[in-house]
Amino acid sequence: MSELVELFARFSGQLWTGTVITVQITAVGLLLGFLVGLPTALIRVYGGPWVRWIAVLYTELFRGTPVLVQLFIVYFGLPDLGITLSRLAAAYIAMGLNSGAYQAEYFRGAIQSIGSGQMRAARAIGMSRLKAIRYIILPQALRLVIPAWSNEPVALMKTSAVAFLIAVPDLMGQGKIIAARTYDPITSYLAVAIIYIALVALLMLGLQWLEQRLRIPGTEVEVQRV
Amino acid sequence: MAETLIRVQNLRKIYGDKTVLRDISLDILEGDTVVLIGPSGTGKSTLLRCMNLLTKPDGGSIWFDGEEITAPGIDEDRVRTHIGMVFQDFLLFNHLSALDNVAIGLTKVLGMDKEAATEKALRELDYVGLEEHADKYPGQLSGGQKQRVAIARALAMDPRVMLFDEPTSALDPELIGEVLATMERLSNEGMTMVCVTHEMGFAREVADKIIFMEGGVVVEEGPPQQMFAAAQIPRTREFLGKITELYGDHE
Chain A
1 MSELVELFAR FSGQLWTGTV ITVQITAVGL LLGFLVGLPT ALIRVYGGPW VRWIAVLYTE
61 LFRGTPVLVQ LFIVYFGLPD LGITLSRLAA AYIAMGLNSG AYQAEYFRGA IQSIGSGQMR
121 AARAIGMSRL KAIRYIILPQ ALRLVIPAWS NEPVALMKTS AVAFLIAVPD LMGQGKIIAA
181 RTYDPITSYL AVAIIYIALV ALLMLGLQWL EQRLRIPGTE VEVQRV
Chain B
1001 MAETLIRVQN LRKIYGDKTV LRDISLDILE GDTVVLIGPS GTGKSTLLRC MNLLTKPDGG
1061 SIWFDGEEIT APGIDEDRVR THIGMVFQDF LLFNHLSALD NVAIGLTKVL GMDKEAATEK
1121 ALRELDYVGL EEHADKYPGQ LSGGQKQRVA IARALAMDPR VMLFDEPTSA LDPELIGEVL
1181 ATMERLSNEG MTMVCVTHEM GFAREVADKI IFMEGGVVVE EGPPQQMFAA AQIPRTREFL
1241 GKITELYGDH E
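In order, the protein sequences belong to chains A and B.
If you count the first sequence from 1, position 35 lands on 35 in my numbering, and the numbers rise without skipping.
If you count the second sequence from 1, position 54 lands on 1054 in my numbering, and the numbers rise without skipping.
In isolation and in its complexed conformation, chain B is listed as follows (with noise of 0.2 Å):
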């Protein structure tokens, strides 16, 4: 029985007079590649970011490998480098190589020598098959590049796990397979991951559990198998087949 890495309970945010999770709880186990799907607007992308603290929640409580992050006084920043972070819009840093976006962290974070930090970045940049761009910048990279430098930015620090925030939602169609290469290569080799994601052929394939948000509730979660064959609750199948038939199976 796997270990959880991950747990939610109860957790709530609010902006404004909008209650954006109401009262969400959920577990991650070590190892587990976890799906959220749901519609735009119920908080999965919030959910994910208050994993990391990038949002502070207005109640509950997030606990990462025994140690409650959201409560007063915890180093933020050190918990956030045990979580890595890719998404949606990319968000390399324009004013530095592939190189050196993923070596960054390396030295400025982790404080290692710079020789140390390149000898990782490259090893990081030739897992994501990019060795041989690691002297361009991001404005010189595709879409699908870019996100491949993000994901590898990421990995340099070592995380325990990897959040996705709708990692292929910005590209063409063309290069959204080489992201989600990588992310079902980095699943198999047992990284924790928690992806927002509207990839059902992806979903369907790598993830051990798919999430049901609406209306920043969990409707429902269970394995890929279950949800998609035989969901309990209508409103899941409706929101399935609608999502496979939008976005395909392409996998």
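So here's chain A without its partners, still in its complex pose (with noise of 0.2 Å):
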């Protein structure tokens, strides 16, 4: 315990460093993946079919594959392309097309359950497709993927550790190097650890609040227990 203490005191500069670039990671990638997942959940359910195919493909391609696969991809195999990305800049692409391809799947599962009757409704005051998904559909898809689509920070931030192994100083890497420095691997995870579980929980809180405040009244639903 004692040692974990001074450890935490010892590196409070590494690991400050590396907790703010796996945040900076894990939001770049999220909001990434948001803005490619969304637009891929939407061409999935309305698309026409030869786009609607280009967006299977990209979401099977990325969840059928290993993260760290797509990363060293990005990072080792695009310079072959004439791409040469900075390690963040790598890390940040690959973290954000993954997880737009989760994120396109619980996107479009909530834009299905919304149902065809708000768009009949909708196409009905003569609203165009495109108003009636961007004022009818997405506001409630929105609401209800929240619960549902909370893994995907969590997850991402779990996943953006394999950063490291493009040598990404952020907090798995610096634990690493703490680890090579103290000779005392255990207490450097450990505390690295403390320091993600501790995010997670922030992230969650912060979810739960906004699902919270998105709630639309009249649809929450009584638990009863029996």
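Everything labelled a hint here was simulated from the structure, so no lab data went into it.
One thing to keep in mind: the hints can contain errors.
A few chain A positions that, by computed beta-carbon distances, are all more than 12 Å from chain B [claimed, not checked]:
{"#": "1", "residue": "Leu7"}
{"#": "2", "residue": "Arg10"}
{"#": "3", "residue": "Val23"}
{"#": "4", "residue": "Leu32"}
{"#": "5", "residue": "Trp50"}
{"#": "6", "residue": "Val154"}
So the derived label-pair ranges between C-beta atoms look like this [what the hints assert, rightly or not]:
{"#": "7", "chain 1": "A", "residue 1": "Glu211", "chain 2": "B", "residue 2": "Glu1003", "range": "50 to 56 Å"}
{"#": "8", "chain 1": "A", "residue 1": "Gly47", "chain 2": "B", "residue 2": "Val1217", "range": "34 to 40 Å"}
{"#": "9", "chain 1": "B", "residue 1": "Gln1232", "chain 2": "A", "residue 2": "Arg52", "range": "26 to 32 Å"}
{"#": "10", "chain 1": "A", "residue 1": "Arg129", "chain 2": "B", "residue 2": "Leu1246", "range": "51 to 57 Å"}
Note that beta-carbon positions come from the ideal geometry of N, C-alpha and C, so glycine has one too.
Combine both chains into one complex, guided by the hints.
Structural data, given as structure tokens:
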């Protein structure tokens, strides 16, 4: 226990830097994944056959391969095509594209569960398809998706630890450096684990708050315990 | 002589290998309340949905106010703003309050500013007797109230015609009356209405014309007195007798 406190005190600078980078990769990856995932979901539900096929190909490709492979292809593979990325940029892109595939599936489920009736009602008052999606379907789907989607930031934050394998100095990377310096891997990785779990707890609280705030009155489900 | 507002000509609709509508032709006159009746699965709802282009017909044409709305290149969204529709399962927008359900078409489709839209929406809610429920969400309203909000939502667009697709079929018996009363008032004020319903009391009292459909064709049509008392075709008499017995005449 005292070793742990001592390690936190001695390496607070590195741990802080690592935490900031981990949060950065998670935030950028999540945002990128949102920007890719939401249109992908919309295309899968409302798009024509060709674009739909492309959307399916993208999601299955990224859900079907290890994220580490994706990261290595982005960082080590793209330079062969003349695209050289910084370590952090490679981590952002790999995490973003990977998360996008998962987010697309969450969004698709939510959009489909809204049902065609809402679309029909929106069209019946003269809304175009696009307006109906924007003002009727998405506001409901994005609320509905929160509980399931809440897995994604948490999963992404932990998955982002693979970035240390391309020498990104994230929380995991710092842990490795500290372990090498102190010859005390147990305490080092324990410290890292504590920070991860604290971050996840914070995330959960934030997401719960969001879900409460956006709840639509009259849709609360009373749970009866029998 | 009233003008023809909707003219349906040789309308045909096929789902897979089932022909739902076989060369239907009918005229809806301005100001008339027309009640469509017939056994389930005879294409009444399909016909209604073709009228506001929610379903694309496979043949024939539909004219609305002198314009062929089944012609290629027609702006469907513009046509639909003039044709109100009320659904069996209400289909209120669940994330919006009653007020916003009514106002959203005004702001997002007609481009009205928020203040004017709110004012108009409140007037429409007042018309259906729900002004004090304006801030409630669909999940907080009864079935009858939901359906009245749906009527207000359609009316807010100032439609030329209102289509009702079994508006009371999903309601508890004691809630049917409030919806029928709203429809009756609308009809009395001269709104053109096409209603698919099993409410024979409503058909008898309110309709200007009853159209009996079966198997995708119009079997017989006429004013209610004639249809109820002296239908020409035996099948019409049989159906009207059965449905009146089943659903009663409550009005």
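Now the hints, each set against the structure:
1. Every CB of chain B is more than 12 Å from the CB of A/Leu7 (nearest about 49 Å), matching its label as outside the interface.
2. The Cβ of A/Arg10 sits about 52 Å from the closest Cβ of chain B, beyond the 12 Å cut-off, so the non-interface label holds.
3. Every CB of chain B lies more than 12 Å from the CB of A/Val23, the least distance being 31 Å, so the non-interface label holds.
4. Interface exclusion of A/Leu32 from chain B stands, the closest Cβ pair being 27 Å apart, more than 12 Å.
5. Distance to chain B confirms A/Trp50 as a non-interface residue, since its nearest Cβ pair spans about 21 Å, more than 12 Å.
6. Residue placement check: A/Val154 keeps its beta carbon more than 12 Å from all beta carbons of chain B (closest about 26 Å).
7. A hinted range of 50 to 56 Å holds for the C-beta pair A/Glu211 and B/Glu1003, which are about 54 Å apart.
8. Separated by about 38 Å at the C-beta atoms, A/Gly47 and B/Val1217 satisfy the suggested range of 34 to 40 Å.
9. A beta carbon spacing of about 52 Å between B/Gln1232 and A/Arg52 contradicts the range 26 to 32 Å that was offered as a hint.
10. A hinted range of 51 to 57 Å for the beta carbons of A/Arg129 and B/Leu1246 is inconsistent with their spacing of about 39 Å.
When each numbered hint is compared with the structure, violations occur for hints 9, 10.
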